[in-house]
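Q: Each chain, letter by letter, is given below.
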Amino acid sequence: MSTTTNYDAIIVGSGIAGAIVAYKLGQAGKKVLILEAGPKIPTDRSNYMDTFLKANIKSPESPYPPSTQNAIPSSEENPLGLPDPGEENTPRYTVLQINSWRKPKQSYFDFQQQQDNLKGDSPQANFAYGSSYERIGGGTTWHWLGTSLRFLPNDFKLKTKYGVGVDWPTAANNQDFYDYLVPYYEQATIEINVAGSKVAMDKLYTQFDDQQTFGPNYNYPMPEIVESLVDEEFANNVTSMKIDNEPVYVTSTPQGRNSRAGERRQCAGNTNCIPICPIQAKYDATVTIARALQTGNVDILYQHVVSKVLLDPVTDEVNGVEYITYDTQTGKATGTDTATAKKYVMAAHAIETPKLMLMSATDKFPNGAANSSGQMGKNLMDHIMYLAWGLSKDPVFPYRGPLSTSGIESVRDGAFRKAVYDANGKLIEGRAAYRIEIGNDGWSWAAGDPFTTLGDYVFGQNNSHTNATATNSQGKNLKFNTALGDNSKLFGKELVATLNGIYTRQIRLGYLIEQLPYEGNSVELSKNLKDNLGLPRPKINYQIPADYERNAFVSAKKVSTDIFNEIGATEYTQDPGAPVFYEEEGGKPLTAANFQYEGNNFIFYGAGHIVGTYRIGTEKSNSVLNYRQQSWDHSNLYMIGSGVFPTLTTANPTLTIAAMSFSAADNILEDLNSESASSNAELASVSSQNK
Amino acid sequence: MNNFVGLSAVLTGFAAATIAPAIDPINIKAEYYAKFQAEIGNNLFFQILSDFQTRNTPPGSNQTQEEKNQLIGEAMLAGSNGENYVMSCRKLIFLWYSGAWPTVDGDTTSSQMLSAKSYTQGLAWQVMQSHPMGDSNYRYGYWAKEPADLSGYTGNNN
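In order, the protein sequences belong to chains S and P. For the first sequence, the working numbering assigns the number 691 to the last residue and increments by one with no breaks. For the second sequence, the working numbering assigns the number 1158 to the last residue and increments by one with no breaks.
Just chain P, with the same shape it has in the complex:
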């Protein structure tokens, strides 16, 4: 699971502690983990996680974690990994952002929502500095003021 969360954080651009904190009663990661594995099959699933583990070494002395993450992400999405491999990683990004598993058909994407929980946990709502439509945790009138900085939503410096 640690590798899955680490990979997800690198690909989504959100902090691991934001999307899957140590104490995590929401635990959406477990739903995504199971879905990801079921959709792409065991072989590719463990290959991707094992590759991530190999690449996920501590940053070099003159390298920030952010720069390191960029390099890991590029390596995970490199065309040399194979089309299916890369597409699977991309679908994982879509899953975290939307809560829905995508079907890519040429130029368009459709998707199937996993659950009520996955909808409300979609990162798309966080990246727009808002809340899922239908699930506000704000108070009356917040829409007349600017939201908190983006970093407050992603847990990273943006």
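Here chain S stands alone, though its shape is the one from the complex:
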């Protein structure tokens, strides 16, 4: 590139975090260069939509390049026709790769081999990581759900309050991190243009003792999104339940989609927030990128893959980033060069960012840039999700409206989070918290509907479990229409009536279980797997090692059954079967996310919340960054995005990513301005000496 601009800052990545910092710096008159590994933001989304519409599996990544489905002819070894990540310039992990997580020709991540002789409930079992991300202009917000909840004050103090995980650091003058974030939460809410109910949030925050610190003057830019008939079914009928002493009630979700026409369109209920909102009623980072570019101070270069952060051996400051360019996804690199600026901001999400830092080792920093603590890439987290599904008594008409409009937030905090251990260090009490998302998506996530149930009644199968005589664990009859024979094959009027009866009653709950930070859950560099540019691929180590989280699965299972009973629904949650950890177990396919605990078979799903791999903290020894999101090791290096979170907390991360990015922008501006003030002072002193 050999740019002639003297940039104040280089930002690696154009997702929501990088976009916000670019926008704020550009607004303040600073010159910014964004380097984005993936393709540019399209002028309209019709190509992405077309790819989505044609996709056989409407997975989160389905609209986005490089194409994931039927990239090559399917075969017994590779039934989905997944492309070889080794032949792509910007490969990424996708949820379609989960079931082939131990096949490097299909799955981007390298993996940890299982230990010998694991039992179904062994804490040492390795699993596939459950969540994916995009490497395209605008980043992963292309397929975020839109949920814009704040974290709770207690989420920031898990260690102090409940004896687990770590606390977030305090800000300057020992200020609680939540309080520090409050003004930034307000900025984030405005940038995303969140639709929400202040009344609902006040009620919720009042319930959590002494945590009424939402800020006195806040409100949402848009009124709340109306709740669905599915929401009402829960809200009206779950009125007297408690979970671990916490009251259960339904709260309208603050969400990043327009409830009124504004700068963006009003939500039309396409029920497609993930993978793609066809009308951009839902916020995504392309909105903020456009604002950043409009400042006139921000440049963005696409298809520029940063491959190394360069460190000055004397000052330890970053003095450049190397990048590789390419024209086509599977073509050869077209060049390499270096870009320089005063400040460097890593915003490539929580897997590519630590990968890049680990790739940037020097003699002085042999474990990678910004990694004197050894924490880089550690503490990888995700909300491990428990799904429960059923059929409501009467039609509630799912598959309509945004994918989720409400949740049960009232159980996100409570004394149940306190861990109590016996003398041997075994957990005897306490479990991870969760929020419960109410789905408007029928059984599309849970069971691959509508086509699973369709196949059942056209071909006489029973994958939905509605088409044959059986009872669930509460003794309720599962066959939807008892007048039909088992494995019925229908047509005409009977097919219409049966499908309508089932589809219009489908309900689904998703539990976002808070996973604690564990050093062993980590991103490393693969020793032998590379992408098409020759860069190492990430190796992911991922376990659910502690009873604290596993107890939350037991709770979620029981609570789901209670809720379905309370509303008179029939539960259809299926036993996922026992885990298969080894190839030789009778030819059964290896499982990716199945485990056993206290006699139950569980499967977990990813929430798309990739968190924790370069955390902020109180000390250089136990964290990568200070609370200002500045590297302890390299003073002109900042890292942003969900990788900075010390803990996962009980809410979806994007609003907090945005708030943290606004705070980082302030910190970077402060540092840039204090330097220019001191260099101005130097200049002034030089010129006065010259007089």
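Calculated from the structure, these hints are not laboratory results. All the pointers check out, no bait thrown in.
Below, simulated DSS-like cross-link-like pairs (lysine-lysine); rule was C-alpha separation at most 27 Å, straight line:
1) K489/S <-> K1035/P
2) K58/S <-> K1117/P
3) K489/S <-> K1029/P
4) K489/S <-> K1068/P
5) K493/S <-> K1117/P
6) K1145/P <-> K493/S
7) K198/S <-> K1145/P
All values reported here derive from a predicted model rather than from experimental measurement.
Please build the complex by placing chain P on the supplied structure of chain S, with the hints as guidance.
A: Here is chain P on its own, set in the frame of chain S:
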């Protein structure tokens, strides 16, 4: 084409005028017609359509069209027609509902989407009184109210 549409209406339970109106700029029927013929082969294709034509006589004096359709459908799907014949008719149902051509493998079904248009024209979305995911033709807030009656989606009395 008339026989193909008539057969499709009987098997899917949707009105012919709903899935293939006389003036039909969307014309998904042509895509399905070609796919159905290509997948099952000419002989079986013309056999099925010819059998339908033979069976598709006007309803008797004390018989409704609905009752007649039921009888035609049962005849088309009778085991005596042969396994391949019946399976082909069933795959046609799946095609109309999903927009994708199915592969039935024992207890499971996978499928290949024909086109962007076929996805959005899938009858599964209509039978649930909704819209294809990603292709809403409703307005903000519709999800808080009950949808129109099912007959408004199928074009038949349900």
